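Peer 1: Take a look at the letters that make up each chain.
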Amino acid sequence: MSLLTLKGVSKVFGGLRAVNDVDLSVEPGEIVGLIGPNGAGKTTLVNVVSGVFKPTAGTIEFDGKRIDGLKPYQISRLGVARTYQVVQPFPEMTVLENVMAPATFAAGARSVSEAQDQAMEAIDFLGLGSEANKLASELTLAGRKRLELAKSLAMKPKVLLLDEVNAGLNPAEIDTALELIRAIARRGVTIILIEHLMKVVMTLCNRIVVLHHGAKIAEGEPRAITKDERVIQAYLGNRYAEANAGKASNG
Amino acid sequence: MFYAQILLNGLVLGGLYACIAVGFSLVWGVLNIINILHGSFVVLGSYIAYFAYVHMGIHPFVSVVIAGALLFGLGYLVQAGLINRVVGAPVLTTLVLTFGLDLMLNNSMLLAFSADYRTVQLANPLGTTVISGLVLPLDRLVAMLLACTLTGLLYLLLKRSGIGRAIVAVRMDREAAALMGVNVKHIYAVTFGIGALMAGTAGSLLSLIFPISPLNSSEFLGLAFIVCVLGGLGSISGAIVGGLALGVIQSFGALLIGPQHGLTIAFVLLVILLIFKPTGIMGRRGYE
Amino acid sequence: MIRILPIVVAIAAVAALPMFGSNYVLRLGTMFAMYAVLAQSWNIIGGYAGYPSFATAAFFGLGAYAGAILQGAGVPMPLAWGAACLVAAVFAAVMGLAILHLKGHYFAIASLVLAEVLLEITTSWTSLTGGGMGLNLPVIRMSVDAQARLFFWSMLTLAVLALIMSWLVARGRVGFALQCIRQNEDASSMVGINTTLYKTIAFVLSGLLVGGAGAMYASWVFYIEPPDVYSVMTSIKPIVMVMLGGAGTVLGPVVGAAAFLVMEEVVWRNFLSIHAAVLGIIIVGLIFFLPNGLFGLLRKRKARVLLQLQRRGESA
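Residue numbers (the numbering used here), protein chains in the order written: chain A, 1 to 251; chain B, 1 to 288; chain C, 1 to 316.
Please keep in mind that the hints were generated in silico from the structure rather than gathered at the bench. Remember, predicted model here, so these are calculated numbers, not experimental data. Warning: the hint list may mix true and false statements.
[To be verified] Computed Cβ-Cβ distance ranges for the label pairs, DEER-style:
{"no.": "1", "chain 1": "B", "residue 1": "L179", "chain 2": "C", "residue 2": "K103", "range": "26 to 32 Å"}
{"no.": "2", "chain 1": "B", "residue 1": "V87", "chain 2": "C", "residue 2": "K103", "range": "15 to 21 Å"}
{"no.": "3", "chain 1": "A", "residue 1": "D21", "chain 2": "C", "residue 2": "K103", "range": "31 to 37 Å"}
{"no.": "4", "chain 1": "B", "residue 1": "E219", "chain 2": "C", "residue 2": "E265", "range": "29 to 35 Å"}
{"no.": "5", "chain 1": "C", "residue 1": "A13", "chain 2": "A", "residue 2": "L141", "range": "50 to 56 Å"}
{"no.": "6", "chain 1": "B", "residue 1": "H59", "chain 2": "C", "residue 2": "G132", "range": "47 to 53 Å"}
{"no.": "7", "chain 1": "A", "residue 1": "R182", "chain 2": "B", "residue 2": "L179", "range": "40 to 46 Å"}
{"no.": "8", "chain 1": "C", "residue 1": "V25", "chain 2": "B", "residue 2": "K185", "range": "48 to 54 Å"}
C-beta: ideal position from N, C-alpha, C; glycine also.
Bound-form chain A, shown alone:
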């Protein structure tokens, strides 16, 4: 049985169909890339899965349980964590306190010391150990992104939804982030990754799902996706797709 199953999920805002009849199955241990042009509905889909929005239609099953319609805090406690494109720390608290919050409220740590231990474990894993007592607002952007990952880890998630975790990072920082994501996956966390950077998607993911205007237009191995006509059309427009198809049949 799949870990996370979306069947016919749609989300409509007024007149806008942000997510259109999406089916998706994610197996444990996968790293799935979610790509698509701007406005394709990727973040909305993540919002729907994590409970920020209720789907207008369709069902979402996680670990055998229906989660569509549950509140975000309930879904978090069941084991679905997500990060935000624009990081959302608790600015006036230290790194340690920031990570103790999910340890306490999502992972169910029963005492302050248990929460601290769980938090430090996640903090050390993400390489933030030396900054544990710094205020979240004092970290660099890369640091804050790592904090966000630490908070997600402290929730002991089974599925982690990462929304553009590399936005705003320089190439060196991106390489470090890739390593961290791989390390998290090795711990047994299933990952769904929204990304714009092709190199990240190609190297990390074993499967890619492409969204366009809210609908799933392609799904499969990274190599196959880059050659898929519909995908090329979605990103680059009709003329390029035709030119590419013409080149392929000639060359």
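Since the structure of chain A is provided, determine the placement of chains B and C on it from the hints.
Peer 2: Frame of chain A; chains B and C shown alone:
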């Protein structure tokens, strides 16, 4: 026929409510500040009209200009000098600040004018006429028409003039407006001044209808709130729709449960709206 | 960090007031205790959770009338006070569910209007509440001195309860959740915090003891009427007190209540006709010159001193 009269009364009252609220709505929509001083500004406008009439024989409809100008100046100074320093501060800070300023203004008015209720007794009132069975109190009607005219002028100002467009720009996106060369601080002060101006002019017009006393300021403030929540924030049309709606609802409500409960009806309506539809009839949400 | 011993000593000293002071001083002490209850309670929803509540007057007035009506029906005073707390708490729970999903200005206004609506209902329901004519409470068969002591110690007990409540919340799970909610409500949801539950708890706590204070006040003054107990000033003053002392701290509200009471007495005795304006000036001054309250000022000064010591240590 009877219902038509109730409706007419409601509309006349509503037009005045709209005039009270439109300045308040503008300030809330553009500066994201709930101006507790608004009610006292209205009362101050009434006093200006009262004293202008009693000491100089100037008709309140003419005083509208005087009250407007004086209140604009006061509003501009208060904003530029004091409120500007907390624009963008949390809700609590701005609310408590304008509350504190209102305490000062209200207390000053109490000292200067005492709490005694005064009314403007016109030497030559226009009286009432009856047209096809409907009783039209002419002074009130003219006041309401003047109120609508002023509101319309404000609408034109916002739509057509340079400064009006600057105000709308700041409302939509403060940073973008600043990047376009708009002097945001000045616009804030102008907007607040306009808010005070509209309050003062409303007060002048109301001096013929409501008794004047500093004790009334919270009632005007309450009415302004309700109109904004009812009609939607920051837009002239919202204030008009909200004002007229409130006037009519109160008028019919008074029929059902008595006129002394007019304010209760309004407040209960406010709570219900806040719980279920804070964006109001026109659906425009203010800043939160 | 709060050291327990000095606080206990301070409370004992205050409790001993009747031995040293006249009934006038006792009256001031009772007012101080009442202000402390209001300020501590508000601090939970306004300081810890960051929700600008103006509902204090609603809880106070509701408690006052609940207590007064029960006493009029023959219920013994302490029971009436306890019942008033419960009435306020239930009201807070119900209204909280209705309005806590609102943010910022909308929440502030909704909470403010609660008192207005209660005032109108109370004034209209003459058969139960005496309406605009007010309500008299049964006379207590005790000497003036004994009464003064009774109400002083009762209100002081409530104030100590409020302090303990605030302290427990601050160091517990609830306080942690409220801090997170204040700093980033969306992220709070994401890390597993049931924000509706914790906000409602905070709102209920902000009303529980205030209801009791209202009932005690009614018993103390023997006569209440709607504009007196539902006055908007009852909502504003605790906010000013907490701003004065320092929001989000455990002792800040107490310090602020004391400071406010002193200022209020001085102004009342010397500037009666302009006391509202003076309060306004205090508020304006507070916002511009003391935005973090007295505690915030102390904290900054302490930080500056520590920094100087550190620098001196480094250069030595």
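Peer 1: Each hint needs a verdict: does it hold in this structure or not?
Peer 2: Do the hints match the structure? See the list:
no. : hint                           : verdict
1   : B/L179 with C/K103: 26 to 32 Å : 28 Å, holds
2   : B/V87 with C/K103: 15 to 21 Å  : 18 Å, holds
3   : A/D21 with C/K103: 31 to 37 Å  : 33 Å, holds
4   : B/E219 with C/E265: 29 to 35 Å : 31 Å, holds
5   : C/A13 with A/L141: 50 to 56 Å  : 52 Å, holds
6   : B/H59 with C/G132: 47 to 53 Å  : 37 Å, violated
7   : A/R182 with B/L179: 40 to 46 Å : 42 Å, holds
8   : C/V25 with B/K185: 48 to 54 Å  : 50 Å, holds
The structure fails hint 6 only (numbered hints given earlier).
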